[in-house]
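Colleague: Spelled out from the first residue to the last, the chains are:
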Amino acid sequence: MHIMEGFLPSPWWEIWFLVSLPFIVIGLYQLNKLVQEKREALPLLAVAGAFVFVLSSLKLPSFNGSCSHPTGTGLGGVLFGPCIAAVLGLIVLIFQAVFLAHGGLTTLGANVFSMGIAGPAVAYLIYKAGTRAGANTYATVFVAAALADLFTYVVTSVQLALAFPGTAGFLGAFSAFAAIFAVTQVPLAIVEGAVIMLVFKYIVQLKPEILTRLDLLSESTVQKLREAAA
Amino acid sequence: MYEVLEDFAQQNDLRETSPGLKLFIGVSSILLCVSSPGPVAPLLVAATMSAAVLALAKIPARFYARLLLVPVSFAVMSIAVVLFVTGSGAVLLEVPGLPLAITAGGANLALLLLARVFGGMCSLYFIALTTPMTEIFDTLRKLRVPAVFIDLSMLTYRFIFILIEEADQIYRSQVMRLGYGRFRESVRSFGMLAGALFIRTWESGEGLMLAMDARCYDGRLGIPSDSRPVSALALAAALLYLSAVFGVSLSTGGLVLV
Numbered sequence: 000m001h002i003m004e005g006f007l008p009s010p011w012w013e014i015w016f017l018v019s020l021p022f023i024v025i026g027l028y029q030l031n032k033l034v035q036e037k038r039e040a041l042p043l044l045a046v047a048g049a050f051v052f053v054l055s056s057l058k059l060p061s062f063n064g065s066c067s068h069p070t071g072t073g074l075g076g077v078l079f080g081p082c083i084a085a086v087l088g089l090i091v092l093i094f095q096a097v098f099l100a101h102g103g104l105t106t107l108g109a110n111v112f113s114m115g116i117a118g119p120a121v122a123y124l125i126y127k128a129g130t131r132a133g134a135n136t137y138a139t140v141f142v143a144a145a146l147a148d149l150f151t152y153v154v155t156s157v158q159l160a161l162a163f164p165g166t167a168g169f170l171g172a173f174s175a176f177a178a179i180f181a182v183t184q185v186p187l188a189i190v191e192g193a194v195i196m197l198v199f200k201y202i203v204q205l206k207p208e209i210l211t212r213l214d215l216l217s218e219s220t221v222q223k224l225r226e227a228a229a
Numbered sequence: 000m001y002e003v004l005e006d007f008a009q010q011n012d013l014r015e016t017s018p019g020l021k022l023f024i025g026v027s028s029i030l031l032c033v034s035s036p037g038p039v040a041p042l043l044v045a046a047t048m049s050a051a052v053l054a055l056a057k058i059p060a061r062f063y064a065r066l067l068l069v070p071v072s073f074a075v076m077s078i079a080v081v082l083f084v085t086g087s088g089a090v091l092l093e094v095p096g097l098p099l100a101i102t103a104g105g106a107n108l109a110l111l112l113l114a115r116v117f118g119g120m121c122s123l124y125f126i127a128l129t130t131p132m133t134e135i136f137d138t139l140r141k142l143r144v145p146a147v148f149i150d151l152s153m154l155t156y157r158f159i160f161i162l163i164e165e166a167d168q169i170y171r172s173q174v175m176r177l178g179y180g181r182f183r184e185s186v187r188s189f190g191m192l193a194g195a196l197f198i199r200t201w202e203s204g205e206g207l208m209l210a211m212d213a214r215c216y217d218g219r220l221g222i223p224s225d226s227r228p229v230s231a232l233a234l235a236a237a238l239l240y241l242s243a244v245f246g247v248s249l250s251t252g253g254l255v256l257v
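Protein chains in written order, with numbering that gives the first Met the number 0: chain A, 0 to 229; chain B, 0 to 257.
Excised from the complex, chain B in its bound form (with noise of 0.2 Å):
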C-alpha cells in the first residue's frame, strides 16, 4: 500500500510539475474546504481535485476509488455522534425508546463535516499521488524548516519501508507457524514481532551511524536540490481555480472569518 501509493507519486503525469505549486493548490483548497461555511465549495473541491488526480496525473480510476474508502470508518463514527448531540430546529427522526433525535441543525452540520472531510481527503489525496516525499522535504528547505527536523524525517522516512519489508516478513513466517490461531498466541506473537523489529531497527541505526560516519558526517545532510520553474501561466490557473473556489464559497454562505 505504502510503496504503492509512493510509486504513483513519482510516476504521475504530474510529475514534472513544480512541486512547490502542487503543495500550494492542495494546502490552500484544504484551507478553503476548511473555511468554506457551506457544503457546495468543499464538494466542488472534492470534484476538481479528483479530477485532476484521474485526468491529469492518470491515476488509475479503481486504485483511487479504493483510497477513498480507506477513512470512511472514522466519518461514520464522528459524523453519527455530531449528528445526535447537534440539537436545534425540526426533529427529522426519533429513536423510539430512546432520547435521541436527529434535527434539521444536526443534519446540516453533518453534511458540511461530511463534504469538508471529502473535500480535504481529495487535496491530500492530490499531495500525496502526485508529489514525491523527497521533493516536499526540498520544498519544506526551502521554507527554512530547521534542518536538524528534515534531516530527521528524511531518515525516518527512509527507514519506513525497510522496516515494513522486516515487519512483513517476521509476519508471514509467524502465520506460518500458527503464531495468531488464538487470543493469547497473537498477543505473544505480536509483541515478539515488535520486540524483534524493535532491535533489528536500533542494529540497523547503528549500522548506519557507523556508514555516515565513514562518509564524514558532521552532523548534517548536504543533499543538492533541484529546482524547477513555475510557469506564469500553471501559476495564473492555479490562481484562477482557487478564486473560483473562493468565489463559490462565499456566494453559497457568506463569509464566515471564525
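The shape of chain A in the complex, shown without the other chains (with noise of 0.2 Å):
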C-alpha cells in the first residue's frame, strides 16, 4: 500500500527514512559484492525488479469486483532475502514516484520500509523456518506470499496510526485504519498467496534451474516435486 505523497507530516517521513536506510546500505553493499563475484546477478535482479514493478501494476481478480494489486513483495523476499529485496523495491518504488505519482518522494522512507523491508523479511522468514521444518514448499509459499501480502498492510496502518493518533490514541487509531486497509485485504492476500504459489509452481516444472541456482530448493527436492505433479 503505497502512502501518498505529502500525507505524512514532518518528524514521522524523516524517522521512516531514517529506519529504512540500515537495509538499503546492506543491501547496495551485498549488491556490490554480488555483482563483483558474479557478473550475470546484475541482468537478472534487474528483471526481476521489472517483474515486481510489472506485477504490482497488474489488476488481480478479486471476489468483490473492486480492483486491487499484488504487492509482489513475497516473492521477491523469497527469491533473494530481504536486504537484497529492499533494494529492489526502493527501485520499484522510485519509478511508480516519479513516472506514476503513485506513492511520493518524502514518503518513499515509509513506503520502502512496509513493501521492500517489512513484507520480504515475513516472506523470507517464514519460507526459511518452512524448509527447515520440512513442510510442504507450495503451501510453504502459499503462507509467506498471503502474510507477507497482509503484513505490509498492517505495517502501513501502523504508520499512519503513528502519525495521526488523534484523541483515541494510538492503538484506536491503529484499529480504525487497520479496519480499514488491513481488514479488507484479508481476501486478497489469499489470493495474492495463491497466485504466487502457481508462480512458483510453473517455474519448477518449466525452469527449475533458476530455483537451485538461487539455492532455494535443492535438486532432490526439485525431483520430488516433479515426480509429484506427474
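Honestly, the hints are just simulated from the structure, not real lab data. Hints should not be assumed to be uniformly reliable.
In silico DSSO-like cross-links for lysine-lysine, where the CA-CA straight-line distance does not exceed 30 Å [to be verified]:
id	chain 1	residue 1	chain 2	residue 2
1	A	Lys37	B	Lys141
2	A	Lys223	A	Lys32
3	B	Lys141	A	Lys32
On a predicted model such as this, the values are computed, not experimentally measured, just so you know.
Put the complex together from the two separate chains, hints included.
Modeller: Structure (C-alpha cells):
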C-alpha cells in the first residue's frame, strides 16, 4: 500500500527514512559484492525488479469486483532475501512515484519500509522456517506470500496511526486504519498467496534451474516435486 | 498509460530545460508542501505546478485531469479515518447510532492533509511529465549515487516496457479464451500469466547477459551524459518562486520546524 505524497507530516517521514536506511545500505553492500563475484547477477536482478513493477501494476482478480494489486513483495523476499529485496523495492517505488505519481518522494522511506523491507522479511523468514521444518514447499510459499501481503498493510496502518493518533490514541487510530486497510485486504492476500504459489509451481515445472541456482531448492526437492506433479 | 506519460516527458515544451533545475523545483515544492502548517501554500503550489504543466509544458488538459483522478481512492479512505479519529474543538457532525463524530480539529487537519497531498501530487506530476527517466538517472549520477544502484535502475527501467507489452499480450489471449470467466479461472489464469512472465523475463535477462558479455561488459555501464547549463535567469526565477511559496507558508500559519 502506497502512502501518498504529502500525507505523512514532518517528523514521521524523516523517521521512516532513517529506519529504512540501514537495510538499503546493507542491501547495496551485498549487491556490490554479488555483482563483483557473479557478473550475471545484475541483469537478472534487473529483470526481477521489472517483474515486481509489472506484477504490482496488474489487476488481481478479486471477489467483490473492486480491483486491487498484488504487492509482489513476497516473491522478491523469498527469492533474494530481505536486504536485496529492499533495494529492488526502493527502485520500483521510485519508478512508481516519479512516473506514475503513485506513492511519493517524501513518503518513500515509509513505503520502502512497509513494502520493501517488512513484507519481504516476513516472506523470507516463513520460507526459511518452512523449508527447515520440512513442510510442503507449495504450502510454505502460499503462507509466506499471503502473510507478506497482509503484513505490508498492517505496517502501513501502524505508520499512519503513529502519525495521526488523534484523540483515540495510537491503539484506537491503529484499529481504525487496520479496519479499513488490513481487514479489507485479507481476501486479496489469500488470492495473492494462491497466485504466487502457482507462479512457483510453473517455475518448478518449466525452469527449475532458476530455483536451484538461487539455492532455494535442492536438486532432490525439485526432483520430488516434479515427480509428485507428474 | 506508462508509455503515454513517458512520451509526454520526451516531447513536452519544457524538455530542453535543465533536468537538474526541474528536479530541484519539483522536490523543493514537495518539501514546502509537507512542511507548510496551513493549507494555503500547498494549494498555491498545486495551482502553479498545474499551470506550469498546462501552459509551459503544454500537456493536454484532459489528460492531466485524468491523471489527477488516479490517487483519489487512497486519499478519500485515509482522510476519512483522520477525519473521524482526530477529535478536538466543536463537534460539527455526529453519526447517529455510532460513536463517530466530525469535529472542527479533525476537519481542519483533513483539509490540511488534502491540500498537502494535492500540492505534492501536482509537483510529482510536474517532474513525471517534464523530465524523462534517463535524465533523472544522469542527475542522480552527478549527485554521486552508487553506480551499481543506477545501473540496476536503468536495466530495470528498460525491462519494464518489454514486460508490460508481454503481459498485455498474454492477458489478451487469455481473455479471448475465456480465461477470466469465473473466479476460479481468473485466479488460475492470473497465476499462469505471472508464472509465464517470470520465466520469460528470466530468459530475456540471460539473453541480455550474453549480449552484454559479447560487448565487453565488465560490471559497469558507461553512458555519456550531456549537460545543459542552467541559465541564470531560470535559476533566479525558480528561487523567486520558491521563496514566494515559502513566504506564503510563513504568513499563513507561522513557522513549524518539526
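Colleague: Are the Cα positions of Lys223/A and Lys32/A separated by 30 Å at most?
Modeller: 33 Å, violated
Colleague: Is the straight-line distance between the alpha-carbon of Lys37/A and that of Lys141/B 30 Å or less?
Modeller: This hinted pair holds, its Cα atoms lying about 27 Å apart.
Colleague: Does the alpha-carbon distance linking Lys141/B and Lys32/A stay inside the 30 Å limit?
Modeller: 23 Å, holds
Hint violations for this structure: number 2 only, all remaining hints satisfied.
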